[in-house]
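Enquirer: Heads up, the sequence shown is in numbering that gives the first Met the number 0, so the first residue is 0 and it goes up one at a time.
In short, the hints are calculated from the structure, not lab data. There could be a bad hint or two in this list.
Below are the DSS-like pairs computed for lysine-lysine, each with C-alpha atoms no more than 25 Å apart in a straight line [stated by the list, open to error]:
1) K59 <-> K49
2) K188 <-> K254
3) K188 <-> K24
4) K56 <-> K42
5) K59 <-> K42
Distance windows between CB atoms, simulated [to be verified]:
6) N231 <-> R103: 21 to 27 Å
7) R82 <-> Q41: 40 to 46 Å
8) V81 <-> N231: 17 to 23 Å
9) H187 <-> S53: 35 to 41 Å
10) L52 <-> A114: 28 to 34 Å
11) H133 <-> Y9: 37 to 43 Å
12) R222 <-> R82: 30 to 36 Å
13) K59 <-> C248: 16 to 22 Å
14) F192 <-> Q41: 21 to 27 Å
15) I242 <-> S23: 44 to 50 Å
16) V81 <-> Y143: 18 to 24 Å
Positions of the beta carbon are idealized from the N, C-alpha and C atoms, including for glycine.
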Amino acid sequence: MTASEAIQNYVQLHSRVFSVESESKAHRSQALDSEIRSIIEQKLGADGDKTLLSGFKSNKTLVIAMQRVNMSLPVCFRTYRVRSNVFLNPTIAQAAAATIADPRLFDPVFLGPPANEFVHANDSFGNPIEQLLHEAQSTFPGRYISCIISIGARHFGLRSLILPTEKDELAAHALAIGCQRTADALEHKFSGFDSLYFRFNIDQGLQAPLIPLTLSQVVTHVRAHVRTATMNRAIQLVTQAIIERPHICSLDALK
């Protein structure tokens, strides 16, 4: 799926899941499941919703969700095998629904057997860089890395001044604040490594959660953001790291 296709599918999913007809959790959950399965069918065919360990020829992918009975540690769904026992092997649609299922907006997703109740990785794990590092350290011990890229959704600015009231905006606000808190901690953690950690997040124009924005308005703010000298430099460094693959540091050094 290209970036343009991903944006188009996301906009369509959001408009249908959060339509007027989908005000209840049950309706939203049904609409979400339907849209996810529609996207999979369009891209992979009628039988494309296979389990994650079915042997997809792609980069290693990790999906994080939470068991409702234990919200302290995330559960990892993988497209690759690891040394530890596989807890569950959900389909693409099941994993996608589980990682999105914010209990403030959607019904939980049940996976099993035995039936386990899953919700999205809570606000503390919305930015899962620490979990990804632990996963990389156990999967690729001793390997070197070139860069770590974190992509945010938006920045809400002064946290004490914006108090959303709608459930969807409240969920987005809480998630964004949790992600930014993690990002701030990671900036400090990786400060000793030059050109290792890059955080891309729109910090101007999208702060107010109660003002609906069109896709064209979002694009305008994104383009203005990436044209700044700081972001232009960061994009150049990331591009260079992806192409040249320098050994910035070992995974072991980040433990």
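Enquirer: Look at each hint and say if it fits the structure.
Expert: Against the structure, the hints come out as follows:
1. K59 <-> K49: Satisfied, since the Cα-Cα distance of roughly 16 Å is no more than 25 Å.
2. K188 <-> K254: Given pair K188, K254 holds - Cα atoms ~11 Å apart, limit 25 Å.
3. K188 <-> K24: 38 Å, violated
4. K56 <-> K42: Given pair K56, K42 holds - Cα atoms ~14 Å apart, limit 25 Å.
5. K59 <-> K42: 19 Å, holds
6. N231 <-> R103: 21 to 27 Å: 37 Å, violated
7. R82 <-> Q41: 40 to 46 Å: The hinted range 40 to 46 Å is violated for R82 and Q41, with Cβ atoms some 35 Å apart.
8. V81 <-> N231: 17 to 23 Å: 38 Å, violated
9. H187 <-> S53: 35 to 41 Å: Cβ of H187 to Cβ of S53: about 40 Å, so the range 35 to 41 Å holds.
10. L52 <-> A114: 28 to 34 Å: Between L52 and A114, where Cβ atoms are some 20 Å apart, the hint is violated.
11. H133 <-> Y9: 37 to 43 Å: 28 Å, violated
12. R222 <-> R82: 30 to 36 Å: 44 Å, violated
13. K59 <-> C248: 16 to 22 Å: 20 Å, holds
14. F192 <-> Q41: 21 to 27 Å: At roughly 41 Å between Cβ atoms, Q41 and F192 fall outside 21 to 27 Å, so the hint is violated.
15. I242 <-> S23: 44 to 50 Å: 48 Å, holds
16. V81 <-> Y143: 18 to 24 Å: 20 Å, holds
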